[in-house]
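In the order they appear, the protein sequences are chains A and B. Going from the first sequence to my numbering is simple: count from 1 and add 176. Going from the second sequence to my numbering is simple: count from 1 and add 1.
Hints listed in this document are in silico derivations from the structure and should not be mistaken for laboratory results. Computed from a prediction, not measured in an experiment: that's the story for all the values here. Ideal placement from N, C-alpha and C gives every residue a C-beta, glycine not left out. A hint or two may mislead.
Unchecked claim - Partner residues aside, some chain B positions facing chain A, computed with beta carbon under 8 Å:
(1) 169
(2) 393
(3) 397
(4) 408
(5) 421
(6) 422
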Amino acid sequence: MRRGRVLFCIFLIIVAAHAIRSALQWNFKAALFPLAVSTPLLILTAIELFRVITAKTETDQVPSVDLDFSSDVSPEVASCRVAIGFSWIVGFIAAVYLIGFPLTVPVFIFFYLRFQGGVTWVGAIAVTAITWAGFYLVFQRLVHIPFEPGALEVWFRP
Amino acid sequence: MIDAFIDGLFLVLQWKAFSLMLLGMALGFSVGLLPGIGGAATLALMIPFIFKMNPAEAFAFLLGMHSVAATTGDITSILFGVPGEAISAATVVDGYPMAKKGEAGRALGAALMSSLIGALIGAVALALAIPIVRPLVLAFGSPELFMLSVIGISCITSLSGADARGQIKGFAMGLLGLLVSTVGQERQSGSLRYDMGMMYLWEGLDFVPVLVGIFAIPEIIDLAVRGTAIAGERPSEKLSQGVMAGVKDSFKHFWLVFRCSVVGVFVGILPGAGGGVAQWMAYAHAVQNAKDSADRERFGKGDVRGVLGPGAANNSKEGGELIPTVAFGVPGSGAMAILLSGFLIMGLTPGPDMLTKHLAITFSMVWTLVIANIITVILCLTVLDQLAKVTYVRGGLIIPFVLLLVFVGSYTANRQIADLLVTLVFGVFSYFMVLFGWPRPPFVLGFVLGKIIETYLFISVARYGFSWLLHPTVIFLLILMAIVIAYPYFQQRRYSAKDGDA
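If we strip away everything but chain A, and leave its shape as in the complex, we get (with noise of 0.2 Å):
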């Protein structure tokens, strides 16, 4: 864990300095806001570094104004289950991409609700048909959403 938060401060010093290095080549208007924010960012990050790695204990965690992920579940499998979860995302982005956010739809639904979420054939199978109906009446017909075409889609136009 205290190599992910090592790795954590180091990226955001690396963002900061790339922001000052890159504000340094413009203009003085342009450069003055990203300066004004990027140099105090990098002296926080580099602060927070220093504590991080002078730590006395591993779990040396200040509580914040947000959400805690659950520990019910062990390191190993939360792990599995988080790059389950992202490579759904990525599937799903990659989808809209080849086949278009219209087919996208049905085809995520239907596969996340059978092979994922453990639901039978017929029950995914009604529940995809009633959401791709849904998200056609409400995203096509009703607010005139225009998806762009997947990329096969135009690779393959006649």
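Following the hints, complete the assembly by docking chain B onto the known chain A.
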């Protein structure tokens, strides 16, 4: 004045105006629930439909829609951790943890009742303030507006951990939010900043994909990790009792709700700030009112006061925003700028005429805010029990639909695949923020206020050099800012003294 007040009520109660208000409310309700499709965008879409209406009907329709969107935006924030509107993000911080504790009904009841109280206070402020607000708004130039934005940023001290290290992390995140807000073309010189060679970033990062990524993705991943329902394995609260408990909370903490409503009205009056700022200032105010350090640590973990404050401010700011819009034609937000076009379509000129010749129409707006919110809350209270049951549905069944809401919402910002990538990038970043204990609210506050601060700073320097720092109002606001920053430290000392006594 009294006659105009009563005439305004009758204008709204005419069957056609009333029906249009109900239609607007139905639209606003749906829009509020759908992340990404903001109230302002819907106002813009509906403007062409008002050409054949009279002014009272048009404003009943538009304001009915707009005021309800702010109220229902809290519902998805609480149930799924996905902000229904950009102005509902602060409700996620405590609303969603309440849902995870099995208190979704209570959180929803609290959000809706505080929204109603906020809306009523906003409407009263609108009715009372119009004659007296002129000197206030005219006294505020860009230096004063810059200072007010900086005061908004200084609320970071209350949105961060109470000790020195928590403050360092909070300020770092606030600064990072400010830095992220600078991405894109700089408005004054036209220089491109941090655009990474991508045309998509020229316009800067849109609020919706960033906010949705920051708040929704970590919550969804956490839900997937737990493998349970949102409310976990906890016994179901007696839902109707939960809703009523939330309603009672609004009255139990009435003075907090009242003060946060006043914050909302004040922020609403000031041009450019809007609901994105009002909710966080109200949230910070709620945190500031913690009795001791243990009490303060309850925020972010499911404290009902963290729902009441933003809920009230979100809706009271509607009345506040209308004040400069109606009285001077100075819109307080993007939505009000669109509403201003409604005035022009109706042949009305905002300004003195709205306070004399068309006073009844001005009061009809006040009544629309009141009536629309009362009807919405009553209707919502009857269905909240059913809505709250969603938190007891297994996560595996909820996640695909929440993800769908998240990504459709993000996509509507610019209608590009890149919006989804922005959501993913900020979602991953936000996940690590939570994992390593870096607070998200300061980041969001910085991001929301960044462009406003930079714009006002530039105008102030260009117009006055650095002499604006000596303006009496600026000096007063500087002192106020110092108090806002120092307050948590004094509070911490008070807590320590209390803990020592105990």
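Hint by hint, here is what the structure shows:
With its C-beta approaching chain A no nearer than about 5 Å, residue 169 of chain B sits inside the 8 Å limit, and its interface hint holds. Annotation: interface hint on residue 393 of chain B violated; nearest CB of chain A at approximately 15 Å, more than 8 Å. Interface restraint check: residue 397 of chain B against chain A, minimum CB-CB distance 4 Å, threshold 8 Å, status holds. Taking 8 Å as the C-beta contact cut-off toward chain A, the hint placing residue 408 of chain B at the interface holds, the least distance being around 6 Å.
For residue 421 of chain B, the shortest C-beta to C-beta distance to chain A is roughly 5 Å, which falls under 8 Å, so the interface hint holds. The restraint placing residue 422 of chain B at the interface with chain A holds, with a minimum CB-CB distance near 7 Å, inside the 8 Å limit.
This entry does not satisfy hint 2, going by the numbered hints stated previously; all others are met.
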